[in-house]
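Here this note's numbering runs 216 ahead of the position in the sequence shown, where the first position is 1.
Fair warning: there could be bad hints in the mix.
As the list claims (entries may be wrong) - Using 30 angstroms as the maximum straight-line C-alpha spacing, the simulated DSBU-like pairs for lysine-lysine come out as follows: (1) K243 <-> K275; (2) K275 <-> K256; (3) K243 <-> K256; (4) K288 <-> K275; (5) K243 <-> K222; (6) K275 <-> K222; (7) K243 <-> K284; (8) K222 <-> K256; (9) K288 <-> K243.
Claimed, not checked - Derived DEER-like restraints, expressed as beta-carbon distance ranges: (10) E231 <-> L285: 15 to 25 angstroms; (11) P257 <-> F277: 33 to 43 angstroms; (12) S221 <-> F277: 26 to 36 angstroms.
Just so you know, these hints were derived from the structure itself, not from any lab.
C-beta: ideal position from N, C-alpha, C; glycine also.
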Amino acid sequence: MKKLSKESIRNDIEEFPDSDPRESSEKLGISESGIQYSIKPLGVTYKKTLHPAKADLEKRFMFCQRIKLREKNGYLLGRKYITPQKKRRPQRSD
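Let's have the full structure, built from the sequences with the hints guiding it.
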């Protein structure tokens, strides 16, 4: 893996604020742990949101497409893998 300057990592974060460390590492060609190690002194945190922006329909559409792609590829969202939910049988109340 190659070593990048903190400035190039900061520029990537500013240009793509919604990308996570995995996506940033693929774009920049360094390891995911290298990204995380480099952003810690910069004070950058990553927070997942599962709610699309309601005001902008284009952003909402892109958000939904990104979630569907992650579901399809089985990527982690939060701390759990997304899997299809099983239908539960209704419980009988006696």
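Evaluated hints:
no.: 1; hint: K243 <-> K275; verdict: holds, 21 angstroms
no.: 2; hint: K275 <-> K256; verdict: holds, 28 angstroms
no.: 3; hint: K243 <-> K256; verdict: holds, 19 angstroms
no.: 4; hint: K288 <-> K275; verdict: holds, 20 angstroms
no.: 5; hint: K243 <-> K222; verdict: holds, 15 angstroms
no.: 6; hint: K275 <-> K222; verdict: holds, 29 angstroms
no.: 7; hint: K243 <-> K284; verdict: holds, 21 angstroms
no.: 8; hint: K222 <-> K256; verdict: holds, 11 angstroms
no.: 9; hint: K288 <-> K243; verdict: holds, 21 angstroms
no.: 10; hint: E231 <-> L285: 15 to 25 angstroms; verdict: holds, 20 angstroms
no.: 11; hint: P257 <-> F277: 33 to 43 angstroms; verdict: holds, 36 angstroms
no.: 12; hint: S221 <-> F277: 26 to 36 angstroms; verdict: holds, 35 angstroms
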